[in-house]
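Using the hints provided, position chain B relative to the given structure of chain A.
So the protein lines, in turn, are chains A and B. Its first residue numbered 1, the first sequence is counted upward by one per residue in my numbering. Its first residue numbered 1, the second sequence is counted upward by one per residue in my numbering.
Calculated from the structure, these hints are not laboratory results. Certain hints may be false.
Non-contacting residues of chain B with respect to chain A, defined by C-beta distances greater than 12 Å in every case (computed) [to be verified]: (1) Ser17; (2) Asn85; (3) Ala104; (4) Glu132; (5) Ala154; (6) Gly156.
Rough simulated footprint, nothing fancy, chain A against chain B, three-plus residues with beta-carbon under 8 Å [as the list claims (entries may be wrong)]: (7) 1 to 11; (8) 28 to 36; (9) 39 to 49; (10) 105 to 119; (11) 189 to 197.
Yeah, the Cβ is synthetic: ideal placement off N, Cα and C, and Gly gets one too.
As a plain string of letters, each chain reads:
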Amino acid sequence: MPATEHIVVSCTINGESQVFLANERDSLLEALRDRIGLTGAKEGCNNGNCGACCVNLDGRIVNSCLVMAAEVEGSEVTTVEGLADGDQLSALQNAFLEQAALQCGICTPGFLVASQALLDENPSPTEHEMRYWLAGNLCRCTGYDKIIKAVQQAAEETVA
Amino acid sequence: MQAVKYARAHSVEEAISLLQEGGADARPLAGGTDVIVQARERTRKISLFVDIKHIPELIGIEYSDADGLTIGAATPCYQLYNDANVAERYPALVDSASLIGGTAIQGRASLGGNLCNSSPAADGIPSLIVLEGQVHIAGPNGSRSVAVEDFCTAPGRNVLGDGEFVTKLSFPAPADGSGARFLRFIPRNEMDIAVTNAATQLRLDADGNVNWARVSLGAVAPTPLLVAAAADALVGQPLSEESIAAAADASRAAAKPIDDMRGSIRQRVHLAGVLTERTIRQAAERAA
Chain A
1 MPATEHIVVS
11 CTINGESQVF
21 LANERDSLLE
31 ALRDRIGLTG
41 AKEGCNNGNC
51 GACCVNLDGR
61 IVNSCLVMAA
71 EVEGSEVTTV
81 EGLADGDQLS
91 ALQNAFLEQA
101 ALQCGICTPG
111 FLVASQALLD
121 ENPSPTEHEM
131 RYWLAGNLCR
141 CTGYDKIIKA
151 VQQAAEETVA
Chain B
1 MQAVKYARAH
11 SVEEAISLLQ
21 EGGADARPLA
31 GGTDVIVQAR
41 ERTRKISLFV
51 DIKHIPELIG
61 IEYSDADGLT
71 IGAATPCYQL
81 YNDANVAERY
91 PALVDSASLI
101 GGTAIQGRAS
111 LGGNLCNSSP
121 AADGIPSLIV
131 LEGQVHIAGP
141 NGSRSVAVED
151 FCTAPGRNVL
161 GDGEFVTKLS
171 FPAPADGSGA
181 RFLRFIPRNE
191 MDIAVTNAAT
201 QLRLDADGNV
211 NWARVSLGAV
221 APTPLLVAAA
231 ADALVGQPLS
241 EESIAAAADA
251 SRAAAKPIDD
261 MRGSIRQRVH
271 LAGVLTERTI
281 RQAAERAA
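So here's chain A without its partners, still in its complex pose (with noise of 0.2 Å):
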């Protein structure tokens, strides 16, 4: 099997400009982990099931393992690292504590960043919305009621 090259790939990861090396077969999950330092995306099924590698690229949210970084040269990509301003949490962030609707975490940056996409798209979701919007990510600890109220509280926090 032949050998691939390292590829140079140009784009603006949570606001800032990065030029990052990766590998020509890297996944942009395994780019972020892996090259980047930006852990917060995660790999749980790495094929496209459970949405905890869900980032948001030029407006949409996607799954990181189902894009080449090859693929996101040019383009804007936002993590769960880039919700938070500085040390301050964003209020869906705290709306996720509040709420406790994290046990083991695992999958929480993938819900975050959904559920941000959502909020930004629809600011306030019905419950099915929300639940619909969301079916791409799966908890295996939390359940979903503690996140959709979550999502709820946030809602009405950022509307209010």
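What follows is chain B alone, placed relative to chain A:
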């Protein structure tokens, strides 16, 4: 992950030459939600991804009453349900596009990719079939088009030759009195592969007679099916319990499914009838 290389094409011609240079193991890359998994899990040998998303005509949606609807093959699903013309005139495409994976999949996955993956259970293909979709193909020997129902040849296989790829899908403008619906049966609420799926498009004339219909089934045969006998059972008369039951019978007769982890033969044959009936009723509601 296989030692896959990546190249970005900016024109159809560039994509054709990159795919030719890459040989038999080069694959077009649109949303990647199937091919990246296949490359990683080594279910398909892939040495080169040719990214076709930066070719202008491969992304986007155009509609006119004269020419109908054209969708760039790499257009992600979310653009379909956010498009006013698609939502108003082709709601069956919204049915499909909003059921393929979850939100993060729909941010990338395209109906062109869903078609080219050629799964018997694809949630896009029955809608493409009943809407009389045409598949526009570019390749080293020029361009051609085929009807969607003639595109898939076996599970994971289709009519594309070496170096060929799908550029666009096109659909005629729906005639007055048309309605279409796609439904899928899965044992949970969302995020699953169809046990069986189905789509129907029909047209009602001013007197309430069905004057045209198409019925398509998925996950009941090696390829998605166009079930002509189900449509024939509807055409030339008003919709009635009898004609709907006859169409459902025709779908059950056409269904030749397998037993697998998702469903038994018996369940899938039953579902072919149920979903045929429900898509007919709901297509008629949309036609009214």
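Requested in this report: Between the stretch 105 to 119 of chain B and chain A, see if three or more residues pass the 8 Å beta-carbon test, and mark the coverage as holds or violated.
Outcome: n = 3 at 8 Å, threshold three: holds.
Report task. Check whether three or more residues of the stretch 1 to 11 of chain B sit with their beta carbon closer than 8 Å to a beta carbon of chain A. Result -> holds (count 7)
Query raised in the report: Are there three or more residues in the stretch 39 to 49 of chain B whose C-beta lies within less than 8 Å of some C-beta in chain A?
Result: As far as the stretch 39 to 49 of chain B goes, the hint holds, because 4 residues have Cβ atoms under 8 Å from chain A.
Requested in this report: Determine whether the non-interface label on alanine 104 of chain B survives the test: each CB of chain A must be over 12 Å from its CB.
Outcome: violated (5 Å)
Query - Outside-interface status for alanine 154 of chain B - nearest CB in chain A farther than 12 Å - result: Answer for alanine 154 of chain B: holds, closest chain A Cβ roughly 23 Å.
**Report entry** Cβ separation check - glutamate 132 of chain B to all of chain A, threshold 12 Å
**Finding:** holds (30 Å)
Query raised in the report: Would glycine 156 of chain B pass as off the interface with chain A, using Cβ distances and a cut of 12 Å?
Result: holds (16 Å)
Report task. Count residues of the stretch 28 to 36 of chain B with a Cβ under 8 Å from any Cβ of chain A, then say if the count reaches three. Result -> Result for this restraint: holds, n = 5.
Query - Reported absence of asparagine 85 of chain B from the contact zone with chain A (all CB gaps over 12 Å) - result: The claim holds: asparagine 85 of chain B sits with its nearest Cβ about 20 Å from chain A, beyond 12 Å.
Query raised in the report: Do three or more residues of the stretch 189 to 197 of chain B come closer than 8 Å to chain A, measuring C-beta to C-beta?
Result: holds (count 3)
Query - Minimum Cβ-Cβ distance from serine 17 of chain B to chain A exceeds 12 Å - result: holds (19 Å)
The structure fails hint 3 only (numbered hints given earlier).
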